[in-house]
Amino acid sequence: MSLLRIEGLELTIGDTRILEDIALSLDAGDVLGVVGESGSGKSLTALSIIGLLPEGARLSGRIAIDGREVVGASESALTDLRGDTVGMIFQEPMTALNPLMTIGDQVAETIVVHRRAGWSGARKTAAAVLERVGLPSSQISPDRYPHELSGGQRQRVGIAMAVALKPRLLIADEPTTALDVTTQAQILALLRALARDEEMGLILISHDLAVVAQMADTIAVMQGGRIVEQGESSAIPGRLKHPYSRALFEASTHLPPKRARERGEMLLSVSNVVRDYPLPRRAFWEAKRALRAVDDVTFCIDRGENVGLVGESGCGKSTLARAIVGLETVQSGQIMLAGRPVAGLHNTAFITRRDMQMVFQDPYGSFNPRHKVGRLVAEPLHLLGRDAPDGAARSRSVTNALEQVGLGSADADKFIHEFSGGQRQRIALARALITAPALVVLDEAVSALDVSIRAQILDLLAELSGRLGLSYLFISHDLHVVRAITDRVLVMRAGRIVEAGATETVFASPRHAYTRALIAAAPTFGRA
Amino acid sequence: MTAFLFQRALSFAISVVVASLVVFVVLEVVPGDPAAFMLGLNAAPDTVAALREQLGLDAPVWMRYLGWIGGIFTGELGTSYTYRVPVAELIAARLWVSVPLAAYALTLSTLIAFPVGILAAARRGSAVDAGVMGGTQLGIAVPNFWFAMLLVLVFSVTLRWFSAGGFPGWDAGAFEGLRALTLPAIALALPQAAILARVMRSALLDTLEEDYIRTARAKGLTRGQALWRHAVRNALIPVLTILGLQFSFLLAGAIIIENVFFLPGLGRLVFQAISARDLIVVRSVVMLLVIAVILVNFLVEIAYSLVDPRLGRRV
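Chain order of the listed sequences is A and B.
Quick note on numbering: the working numbering labels position 474 of the first sequence as 474, and the sequence is numbered without any gaps.
Quick note on numbering: the working numbering labels position 143 of the second sequence as 1143, and the sequence is numbered without any gaps.
Just so you know, not all the hints are guaranteed correct.
[To be verified] Which residues of chain A face chain B? A partial, calculated answer using Cβ under 8 Å:
1. Thr79
2. Asn98
3. Pro99
4. Leu100
5. Thr110
6. Val113
7. Asp143
8. Leu149
9. Ser150
10. Met161
[What the hints assert, rightly or not] Keeping only pairs whose Cα atoms sit at most 25 Å apart, straight-line, the calculated SDA-like set for lysine to any residue is:
11. Lys288(A) x Arg1229(B)
12. Lys288(A) x Ala1013(B)
13. Lys288(A) x Phe1004(B)
14. Lys166(A) x Asp1211(B)
15. Lys166(A) x Arg1229(B)
16. Lys124(A) x Arg1229(B)
[Unchecked claim] Examples of chain A residues toward chain B, derived with CB under 10 Å:
17. Ile50
18. Val86
19. Phe90
20. Glu109
21. His147
22. Gly151
23. Ala164
24. Leu165
25. Leu194
Because the hints were derived from the structure by calculation, they are not lab data.
All figures in this text were calculated on a predicted structure; none of them were measured in a lab.
Glycine is no exception: its CB is placed at the ideal position from the N, C-alpha and C atoms.
Extracted from the complex, chain A is given alone in its bound form (with noise of 0.2 Å):
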């Protein structure tokens, strides 16, 4: 008998339909790989499996866990069931733990809700879990709370509380999205050791196909709440047979066309640059400490050259970005931009910022939604000073600029929230090109959008790159695209740069080890 048995099950939420038809079959020990890009309905089959569903849901069909029915379960059947049968693990690491609770007791609180054991019992437990997914209390203890903790290690936590009474089913629910590549690696490797020594099924949500390729014995697809494909992955490419299947897998494939380009003299020189945050000091009497978030960085970018910084979370990438567009006073060292250096008076900023645009991550908190895109597009044009263009001049480059995207000049009328996010991005792209700028610096700015999306925007870039005979400084911890869209690539690990070259080279034979750690980190199709 299957552990879980998923058949014909339909979503409604207010009179939305949401899923439709899903059937699903997992034995113990085995794991599905459920793909699926952003309200694919993927989430919202794993919360209908644990009874978890938002207000106004109305699901029918039939999902038994071990024979036990779900759908039209009590209450307090499924609270039975939660924690106990199912374990669930969820995205957010940063966010889905109680800040105000030590890690030990929040383990330690499933275990009391379903076995009425007391505290000093289920914390000894809790520890001993704790333990087996990578917290031994020697160096992390159970007293801690998660906001002392690194994101890799609150999701072992949250592991921790969903495997502490050795669930039957294991659901995760995008567990590594936000975490970096060497990070996800350990976590995906935990959650496959803890599978297989324990006989659970694992169900792998995520919006990542090399992902689960890696990982999943079955894969389900899903698009519009409906599963189009299921069947047996072994690593995938050759084995997907559905048109969205394979589109799905095409673009997270896919490589923009690479034109060879006559490279001019230099544009951007970053020369022993610093950044330090001050940091509060520890007692009254003690020396002022600092934060050193960029460390004696040197590098150069030539015009008509796309240069990509790659470096996990907080090694300090975001912190050059900043500084090299002069949101960021730097301690030391300098920044020039076509031979102007970068910070300085305001009107030599002015004149030097106009040749240098930004592009951020979040495509929905990087505009001002009472703003409409005309106006949001527009409003680079003030570093042009006296020479910004007025009435018709003015709508005709807003209108230019969209078009260069993509976009049309009736979108200029529109307010942001219109727009998809894949559409934002693009409008976050007119804004950046409107002052007609040499520089456009990226920072992680397709790491938000579906991979069918992040496609079409890679092809944009490499196409306005070729076209205006712009130059990118790519800033991203995706190393796929960042091999796909850049002719050299600067390796940033704690705030310095560890291994500089072009980009094939460096991909190649990596010559760091940390360099050989992302590049071996980084889930690939074929390596299961």
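Keeping the supplied structure of chain A fixed, place chain B upon it in accordance with the hints.
Below, chain B alone, put in the same frame as chain A:
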């Protein structure tokens, strides 16, 4: 934690010093001659001169400031010009009414607001929630002196459970004292409870949306368990902020209620002293209130760090 406490205590001390300078400058230096100000336009010159001497106004400004500050520490605050009694005695007597009244009102408002706010958040969108929202709206809108008069009508005039006003003093026994303060405390507490309940409700609704509540439910906690174990404590920070503000307000802001119930509290003292231009009383009472407000804020910050482990260690 020690460094945190030290830092907070230091900022408390600095705030008090700055506040005392401001109070002194505004009341003693800016009006020109305080003696002439206190006595009004028609005062005889020799009366003014006598008061000047009593106040020590011929000394340099910095000496007068130091004298006043020293007085605060030794309790030598001078003699009230209108009451003809030492200011320290005057204030001490009033504090014995105002502090218990404020504490009583705050306790009542907390006892009402917490359950009501938590209930409304737990039953969001239900009839209970709608009732709480409507009731608290009314509680905020209706002035507390009207509540006070209503309470007097029902409980003193009709039912005769409480006296309509006055304070027998603590010598008459703790029970009698508390009985006299009950109606004023209720009148003060109701509007405060309405505000606090709304803050509690909205803070809880925010925390109930948090990811860690979903995590808790996925561990097998019931809705109620998740609410009590995980949401309530996380919702306390904004509630503590409002509580601190309310205590400061209750200490001095009870003037109207003290008048309705004829209570000899600080609010009435300050009101009468200002009316009589008795600057000797005013400056000390104002300073006392300033210290009380800063002290309450200090305590609230300590309470934050007890509630939230992230705050105490982030120094």
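Taking the hints in turn, this is what the structure says about them:
1. Because the smallest distance between the Cβ of Thr79(A) and any Cβ of chain B comes to about 5 Å, under 8 Å, the interface hint for this residue holds.
2. Interface restraint check for Asn98(A): the shortest CB-CB distance to chain B comes to about 4 Å, inside 8 Å, so the restraint holds.
3. Nearest Cβ of chain B to the Cβ of Pro99(A): about 6 Å, under the 8 Å cut. The hint holds.
4. With a cut of 8 Å, the hint placing Leu100(A) at the interface with chain B holds, because the nearest CB-to-CB distance is about 5 Å.
5. Because the beta carbon of Thr110(A) sits about 5 Å from the nearest beta carbon in chain B, less than 8 Å, this interface hint is met.
6. For Val113(A), the interface hint holds, the least distance from its beta-carbon to any beta-carbon of chain B being 5 Å, beneath 8 Å.
7. Among the interface hints, the one on Asp143(A) is violated; its C-beta lies about 10 Å from the nearest C-beta in chain B, farther than the 8 Å criterion.
8. Because the beta carbon of Leu149(A) sits about 12 Å from the nearest beta carbon in chain B, more than 8 Å, this interface hint is broken.
9. Interface restraint check: Ser150(A) against chain B, minimum CB-CB distance 15 Å, threshold 8 Å, status violated.
10. With its C-beta approaching chain B no nearer than about 6 Å, Met161(A) sits inside the 8 Å limit, and its interface hint holds.
11. Between Lys288(A) and Arg1229(B) the alpha-carbon distance is near 39 Å, which puts this suggested pair outside the 25 Å criterion.
12. As the CA atoms of Lys288(A) and Ala1013(B) are separated by approximately 23 Å, the hinted pair is consistent with the 25 Å bound.
13. Under the criterion of a C-alpha separation no larger than 25 Å, the hint pairing Lys288(A) with Phe1004(B) is consistent with the structure, at around 16 Å.
14. In summary, the hint linking Lys166(A) to Asp1211(B) is supported, as the alpha carbons are separated by about 23 Å, within the 25 Å threshold.
15. Restraint check for Lys166(A) and Arg1229(B): the C-alpha separation of about 23 Å stays at or below 25 Å, so the hint holds.
16. Distance check on the hinted pair: Lys124(A) and Arg1229(B) sit about 20 Å apart at the alpha-carbon level, within 25 Å; holds.
17. The closest approach between the C-beta of Ile50(A) and any C-beta of chain B is roughly 6 Å, which is under the 10 Å cut-off, so the hint is satisfied.
18. Taken as an interface hint, Val86(A) checks out: its beta carbon lies about 8 Å from the nearest beta carbon of chain B, inside 10 Å.
19. Hint on Phe90(A) holds. Least Cβ distance to chain B is approximately 6 Å, under the 10 Å limit.
20. The beta carbon of Glu109(A) comes within 6 Å of a beta carbon in chain B, closer than 10 Å, and the hint placing it at the interface holds.
21. Given the 10 Å rule on beta carbons, the hint for His147(A) holds: about 5 Å separates it from the nearest Cβ of chain B.
22. With its C-beta approaching chain B no nearer than about 14 Å, Gly151(A) sits outside the 10 Å limit, and its interface hint is violated.
23. Satisfaction of the interface hint for Ala164(A) is found here, the shortest Cβ-Cβ separation to chain B being roughly 8 Å, below the 10 Å cut-off.
24. Because the closest C-beta pair between Leu165(A) and chain B is about 9 Å apart, less than 10 Å, the hint holds.
25. A least Cβ separation of about 17 Å between Leu194(A) and chain B goes past the 10 Å threshold, and the interface hint is therefore violated.
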